[in-house]
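Chemist: Here is how the chains run, residue by residue.
Protein chains: 2
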Amino acid sequence: MAMNKIKSSKLSGTGEIDLRAIVLAGGSGTRFWPLSRQRSPKQYLKITSDKPLIEETVNRIKGLVPNSRIYSVAISSQTRILRRLLPRLPEKNFLVEPEARNTAASLILATAVIYLENPEAVMIALPADHFISEVEAFREKLLRAARAAYEFKKIVMFGIPPTSPATAYGYIHISSKHSKKVDGEKFYKVKGFREKPDLPSALEFIQSGDYYWNSGIFLWRADTFEENLREFAPELFSAWIKLLSALRRHDRREIARVFREIPALSIDYALIEKVTGSLMNPGNFGWSDLGSWGSLYEYLPKDEACNSSRDRLLTLDARNCLVLNPGQITALIGVENLMVINSGDALLICKKDQDQRVKELVEKLKKDLPEYV
Amino acid sequence: MAMNKIKSSKLSGTGEIDLRAIVLAGGSGTRFWPLSRQRSPKQYLKITSDKPLIEETVNRIKGLVPNSRIYSVAISSQTRILRRLLPRLPEKNFLVEPEARNTAASLILATAVIYLENPEAVMIALPADHFISEVEAFREKLLRAARAAYEFKKIVMFGIPPTSPATAYGYIHISSKHSKKVDGEKFYKVKGFREKPDLPSALEFIQSGDYYWNSGIFLWRADTFEENLREFAPELFSAWIKLLSALRRHDRREIARVFREIPALSIDYALIEKVTGSLMNPGNFGWSDLGSWGSLYEYLPKDEACNSSRDRLLTLDARNCLVLNPGQITALIGVENLMVINSGDALLICKKDQDQRVKELVEKLKKDLPEYV
Chain A
1170 MAMNKIKSSK
1180 LSGTGEIDLR
1190 AIVLAGGSGT
1200 RFWPLSRQRS
1210 PKQYLKITSD
1220 KPLIEETVNR
1230 IKGLVPNSRI
1240 YSVAISSQTR
1250 ILRRLLPRLP
1260 EKNFLVEPEA
1270 RNTAASLILA
1280 TAVIYLENPE
1290 AVMIALPADH
1300 FISEVEAFRE
1310 KLLRAARAAY
1320 EFKKIVMFGI
1330 PPTSPATAYG
1340 YIHISSKHSK
1350 KVDGEKFYKV
1360 KGFREKPDLP
1370 SALEFIQSGD
1380 YYWNSGIFLW
1390 RADTFEENLR
1400 EFAPELFSAW
1410 IKLLSALRRH
1420 DRREIARVFR
1430 EIPALSIDYA
1440 LIEKVTGSLM
1450 NPGNFGWSDL
1460 GSWGSLYEYL
1470 PKDEACNSSR
1480 DRLLTLDARN
1490 CLVLNPGQIT
1500 ALIGVENLMV
1510 INSGDALLIC
1520 KKDQDQRVKE
1530 LVEKLKKDLP
1540 EYV
Chain B
1170 MAMNKIKSSK
1180 LSGTGEIDLR
1190 AIVLAGGSGT
1200 RFWPLSRQRS
1210 PKQYLKITSD
1220 KPLIEETVNR
1230 IKGLVPNSRI
1240 YSVAISSQTR
1250 ILRRLLPRLP
1260 EKNFLVEPEA
1270 RNTAASLILA
1280 TAVIYLENPE
1290 AVMIALPADH
1300 FISEVEAFRE
1310 KLLRAARAAY
1320 EFKKIVMFGI
1330 PPTSPATAYG
1340 YIHISSKHSK
1350 KVDGEKFYKV
1360 KGFREKPDLP
1370 SALEFIQSGD
1380 YYWNSGIFLW
1390 RADTFEENLR
1400 EFAPELFSAW
1410 IKLLSALRRH
1420 DRREIARVFR
1430 EIPALSIDYA
1440 LIEKVTGSLM
1450 NPGNFGWSDL
1460 GSWGSLYEYL
1470 PKDEACNSSR
1480 DRLLTLDARN
1490 CLVLNPGQIT
1500 ALIGVENLMV
1510 INSGDALLIC
1520 KKDQDQRVKE
1530 LVEKLKKDLP
1540 EYV
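Going line by line, the protein sequences match chains A and B.
Counting in my numbering, the first sequence runs from 1170 upward without gaps.
Counting in my numbering, the second sequence runs from 1170 upward without gaps.
Isolated chain A (complex conformation) (with noise of 0.2 angstroms):
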């Protein structure tokens, strides 16, 4: 098999990597109401441009890794629109997961499947459905980063300087101290992770300045995941024996059992956050997970009284207001920090500090009106 190689000029050494994508395309959503469904989870929506997340976190990458290396892993009901979005991928990279058990499967098995045929193949494990505005840093950060997790056999990860004291992230705790660079990239040594703190915490977290939100997007050379997962998670280690025994053999459901045998754990809690020795790089690209509308409204463009709306917008004194409302024409008279999302069968009006609220309405429909779900 052919290398991909990857240089830039601002890249010293001339090693060729053989660098692929994992985009996870599963999970569902219920924050985006009334756009994301359960049939039509976040990833495949349209809210930041006109295209959905799933194909944008594609597009980032474009030149980067070639199509013939970017992999998708989600559950058999959602391939076919998986193979609508993502056209130009072949058939084989469509990986099928014999049910939904969260990312530490996910990404067991893709490693795997990609560790078979090099296990010096640096991987990218891509989230579908977060933002990133500044695409040009990010991909020049991502070169770094695989330049990084190639030579130096460790897994890498990009940490989000955080912007306010979170609650409802992880965060990455780094020694500042002590940092390995590539093209003057420090990737930093982590030295433990905190998920979800509590205020307090969250702001001495803040002013440390040691303290990194977890953006989910992770680098490994295939061999190097193999080595952690030896190391630092056994159980795990035998299921990833065992899977690469059913892959070779191509024995479809040897590797349904083991697939099901595998915890239903994110892969942060289940491999990174047990492993010591890994490094990460400060990811100031413009990055958000898209967790709210109310996140969404951050990142989109906005007109000169801050109101978003891709389509026809009237407004008279509106200001931070965030429209979807595709096919219509909307008028706004004299509100401010609305945020209006018509999915053509529901139309939501909330309040942008209420954004977190759309869950709890959810949850009243899922008794009340189930078919809006």
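There may be inaccurate statements among the hints.
Because identical chains cannot be distinguished in the list, a pair is counted as satisfied if it fits within a single copy or across any two copies.
[Claimed, not checked] Derived DSBU-like pairs (lysine-lysine); straight-line CA-CA distance at most 35 angstroms:
1) K1215 with K1536
2) K1310 with K1365
3) K1261 with K1360
Quick caveat, the hints were computed from the structure, so don't treat them as lab data.
Following the hints, put chain B in place on chain A, whose structure we already have.
Modeler: Below, chain B without anything else, positioned relative to chain A:
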């Protein structure tokens, strides 16, 4: 021609009155945008119920005035929609104006048509786009007002007890010491009119107790109307005579010519305000001229959080909102005093206290996006 008998156990006397109704079906309005449009003015909108206002107007007098004695008056381009909305009216009762010329011309034409059938007929001039919440009270008062118009041979009007010092209305000034009675119902002598007063005057009016809002609902015998034209509006009287003559000869061209001669004024300005000796009855029947979305909200049924919607509505901490969004479910989170109006091609979200600005919005649309006007 047989007379229409109206009797009520509450009415004394057994006189027979030939009662007719003229529905003033013309007129356009922009204050109910996005529902009201140039081709779909307010009277055709389903905003107080699932029936258009004009249909509600006719239903309100059901049984009091037989369909054969209900007339509409509007320009020819509206006749088709009127026939569709009011299918029980006989074809000949759709009076067609050669052009839109305000209510003086409409009512001179309609009264002349009826005069030729029965000069003693009592006519009710009914705006097609008003709302009345207490229909039974209205019907009882209407019968007594018809009796008053018939017996006293005066123009009779309903004055609405003012609930605020509105400066956009016309006020009727009455003499509370001079009244006539029909079945205990008082008909006060009208002393004068004040159109759109300034706020200090409006406040004085309210305190005095002798001022009422002009509802635009009038009753008169056809011969009383003729008498009043002769005495108080001689220029109009000559048009009246010519119109009667042309109508007798079925001379459509002459009818149109005379109609166009009539100044394009409201009946209030052209006649009512000039007449002395008219009578006013207090119209305590939940009247609204539905001048804006906000005034509509006041009269609609509401839930315990004071939200009003005929469609599926789901709320979390939402209060005092008016929602007209047929065909969709609407979800409101954390908002109050909003009006949400969906016309299919346009969505309006307006703070309730700024509903007067809808007009301003329509002016903006006329310039920029005339297809939405």
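Chemist: Now tell me if each hint is right for this structure.
Modeler: Against the structure, the hints come out as follows:
1. Taking the shortest Cα distances, K1215 and K1536 sit within 35 angstroms of each other both inside one copy (27 angstroms) and across copies (31 angstroms).
2. With identical chains, the CA atoms of K1310 and K1365 are at most 35 angstroms apart within one copy only, with a shortest distance of 26 angstroms there and 69 angstroms across copies.
3. For the identical chains of this complex, K1261 and K1360 are neighbours neither inside a copy (38 angstroms) nor across copies (91 angstroms), given an alpha-carbon limit of 35 angstroms.
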